[in-house]
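Participant: Here's the letter readout for the chains.
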Amino acid sequence: MSAVARKEIAGYFKSPIAYVLIGVYILIISIFFHPALNAGYGDFVEVLDDVGVFLIFIIPILTMRILAEDKKNGTEVLLLTSPTSLPRIVIGKFLATFTVFLVIVGISFIYPIVVVLFEGAITTQLVGAYIGFILLGAAFCSIGVFCSSLTENQIISAIISLVILFGMWIADQFAATVGGLAGAIMEWISVLTRYGVFTKGLLTMENIIFFVSFTAMMLYMTVRVIERRRWVQG
Amino acid sequence: MIEIKNLVKKYGQVVAVNDISFKVKEGEILGFLGPNGAGKSTTMNIITGYLPSTSGTVEVDGYDITTHPEQVKKRIGYLPEQPPLYKDMTVTEYLNFVSDLKKAPRNKRKSELSDIMELVGLTDHRKRLIDNLSKGYRQRVGLAQALIGNPKVLILDEPTVGLDPKQIVEIRRVIKGLASDRTIILSTHILPEVSMICERVVIINKGQIAAEDTPDRLSNNLSGVSKLNLTVKGDKDKVLKTIGNIPNIKYITMTTKSEESVYKYVLETKNNVDIREDLFYRMAENKMPIIELKPSAATLEDIFISVVSNAGITQTEEE
Numbered sequence: 167m168s169a170v171a172r173k174e175i176a177g178y179f180k181s182p183i184a185y186v187l188i189g190v191y192i193l194i195i196s197i198f199f200h201p202a203l204n205a206g207y208g209d210f211v212e213v214l215d216d217v218g219v220f221l222i223f224i225i226p227i228l229t230m231r232i233l234a235e236d237k238k239n240g241t242e243v244l245l246l247t248s249p250t251s252l253p254r255i256v257i258g259k260f261l262a263t264f265t266v267f268l269v270i271v272g273i274s275f276i277y278p279i280v281v282v283l284f285e286g287a288i289t290t291q292l293v294g295a296y297i298g299f300i301l302l303g304a305a306f307c308s309i310g311v312f313c314s315s316l317t318e319n320q321i322i323s324a325i326i327s328l329v330i331l332f333g334m335w336i337a338d339q340f341a342a343t344v345g346g347l348a349g350a351i352m353e354w355i356s357v358l359t360r361y362g363v364f365t366k367g368l369l370t371m372e373n374i375i376f377f378v379s380f381t382a383m384m385l386y387m388t389v390r391v392i393e394r395r396r397w398v399q400g
Numbered sequence: 015m016i017e018i019k020n021l022v023k024k025y026g027q028v029v030a031v032n033d034i035s036f037k038v039k040e041g042e043i044l045g046f047l048g049p050n051g052a053g054k055s056t057t058m059n060i061i062t063g064y065l066p067s068t069s070g071t072v073e074v075d076g077y078d079i080t081t082h083p084e085q086v087k088k089r090i091g092y093l094p095e096q097p098p099l100y101k102d103m104t105v106t107e108y109l110n111f112v113s114d115l116k117k118a119p120r121n122k123r124k125s126e127l128s129d130i131m132e133l134v135g136l137t138d139h140r141k142r143l144i145d146n147l148s149k150g151y152r153q154r155v156g157l158a159q160a161l162i163g164n165p166k167v168l169i170l171d172e173p174t175v176g177l178d179p180k181q182i183v184e185i186r187r188v189i190k191g192l193a194s195d196r197t198i199i200l201s202t203h204i205l206p207e208v209s210m211i212c213e214r215v216v217i218i219n220k221g222q223i224a225a226e227d228t229p230d231r232l233s234n235n236l237s238g239v240s241k242l243n244l245t246v247k248g249d250k251d252k253v254l255k256t257i258g259n260i261p262n263i264k265y266i267t268m269t270t271k272s273e274e275s276v277y278k279y280v281l282e283t284k285n286n287v288d289i290r291e292d293l294f295y296r297m298a299e300n301k302m303p304i305i306e307l308k309p310s311a312a313t314l315e316d317i318f319i320s321v322v323s324n325a326g327i328t329q330t331e332e333e
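Protein chains in written order, with our numbering: chain A, 167 to 400; chain B, 15 to 333.
Quick caveat, the hints were computed from the structure, so don't treat them as lab data. From the three backbone atoms N, C-alpha and C, an ideal C-beta is built for every residue, glycine too. Don't take every hint at face value.
[What the hints assert, rightly or not] Straight-line distance between alpha carbons at most 20 Å, and here's what the computed EDC-like set of lysine to aspartate or glutamate pairs gives: (1) K237(A) / D145(B); (2) K241(B) / E291(B); (3) K180(A) / D102(B); (4) K101(B) / E318(A).
[What the hints assert, rightly or not] A few chain A positions that, by computed beta-carbon distances, are all more than 12 Å from chain B: (5) L193; (6) S196; (7) I227; (8) G286; (9) S379.
So that you can see chain B by itself, here it is in the shape it has in the complex:
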């Protein structure tokens, strides 16, 4: 549906986007992640035809943005970082104007707009001046605007920024609901949002793609070694010694003392060997009860930081 090839954008000497290529399949929700200034918004502005690229191509539904801009623009609904609103208009006036601008058919206008307003939760605010709406509601108007004309592709630049927690949950549900028959690219720095909504993630850093995969696989790959959080009751030296005898352990760290003679440990094993059973029997033999045993997968935060800083996972616990 969307195909981006060798996209480069330079502002004078500054390279904002440096040779990015990726594809988005029809019906897919792609999470577009990156730190501030990584080139997310620039890439989105190029896909939507707002900015021209220095080199490289963008194709949407088989149409190239430089040679067939109108065909591409017809297929895209775009919510930029700052919602493009005319504050002197009411919500209905504004959405009507956008419908005209997008050349949406006039005969179904009324029902289309009321459906969209219902979907994003604006029905009660349709007669309000946009200037008088709160940030969250302006964001909704921005989203409503992007949905007009029923575009096949939605490009959403940080759609949940500035919303309160309840609104965030609602907007996420709306986006998820829209995904059934649309292709969506969504940029964000809120990582749980990505694991919640997106099927695939592209992480970009300094204008280049740093990683691309499903959220699950990204976290598995990065874990590489499995990590166990262990809480055991018993003398810490004895526990450490017992664990130390288990083969395939890469390292052990003792973190905190949680209760009287109860300590927490973090184990890392080599080659993804599962040592949980072995661990259980050895502890049982030595009468050191395991209070808690929990494998820990790398979170998206870990992935993000590691990918962006090009380092392995950093050990955060004190050793």
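Only chain A is shown next, with the shape it has when bound in the complex:
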């Protein structure tokens, strides 16, 4: 793993930020899991389907400082004048945020284990839902990293990514109303619909490619934003 990724991961776990975000998110999952457990059917797929929306609030807080802070503190100079190339730096930053997200995913495995202990089973549907959840997290992290490259203000970075994530989440709600080409695009970009396909247990190539290429595109755009700023800044 790259120097940047290792440094950022260490940074997350040295400050309270990672613990707070992971703790809050696990709490949310627990709250959603609790009624299922009480009713005795313990379907974790449904829980994953429900908690996806809360990533809209968790991810921007996780990613807001990842590039904005370097810009503000002048450490960007160190990164950009090092022999490590810019795409590698951006990928390192992304991997750090994604790793924190993966810790959440790792901890959430507790719930399926509980389900199994109560004579449930791990279904293919659950595996599909998890793959979707991880891909969703990757895409969201890439948006957060991108937004962090736009500004040196962490709060603004968080707000921009929150708005974008929220917009993507609800895009399909308005697609029909908007109609036409714009409606089609909104339908296409709506992650809620695509995530829903995963939680139904359907692994479609189209959706996997969508999330992977979407993440790659956001990271590419991040590199472009930083490159462009090098040309215009004073």
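Position chain B relative to chain A; hints supplied.
Facilitator: For chain B alone, kept in the frame of chain A given last:
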């Protein structure tokens, strides 16, 4: 080692660097001087590959910064004006991170870092959080960072700014010591620093090179006429008259009265003629003892101001 050709940097309509060309030889310490906003930092940012130039080329060790950025960046250690520090890391953590970033070999990591920390005087502070260090020590961490990977070229943007006098002397000694096998470009507005450390000076003003030479030659060239500070005991009118009879004198100014019937004079001669001997005998003849006689060379401050304001040396003494 470093070759800069016709470098231009524009920010929209503003021209920050306007057609700068200069070379730095291997093992040389080049002083980069200029008033605030002259384009020093911009030039340094371009050489290190942080900013792209609008036009012109920068070559380091034969590699062009635009076509082979990684080769160039590998060879340069850069201390920007504001040291690029992560305040939530300790000194050791930070330097380890920079080593990774610069892809410095891992097997010699420990000894390299302890050597560098010893050199810049950070050994006792290696476990401290950078956030808790004073400005002077942060500057040292910045310098240590630039030295990692043993780069052939060091670019130091005002390395002694914000340090206390003792630290300044120490850091200067460190820089001087580093120079034996490295090429250094150092920007500063502290002029004595330049005459102390640098072998050659480039003065830049409004984005253009205003002067380029050794510190000594710059001051000699600028003097042009030799200037003498003279203190004589005796009646001032008689003294002035006697001096006035000496050939090749351009002008005389009387400055201050220092003791009873002792006055200070400043003489300027034409064409660098040495009049000291002549002066001595004439004064002796007239029984006007010379208390003090001292040639004055232009200081770097004079040069700097004259070059930057594009005027000759200004007479500062009252006439």
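Participant: It remains to establish, for every hint, whether it holds in the given structure.
Facilitator: Evaluated hints:
1. K237(A) / D145(B): Holds, at roughly 18 Å.
2. K241(B) / E291(B): holds, 15 Å
3. K180(A) / D102(B): holds, 9 Å
4. K101(B) / E318(A): This hinted pair holds, its Cα atoms lying about 17 Å apart.
5. L193: holds, 26 Å
6. S196: Since the minimum Cβ distance to chain B is about 31 Å, S196(A) lies beyond 12 Å and the statement holds.
7. I227: holds, 17 Å
8. G286: holds, 43 Å
9. S379: holds, 27 Å
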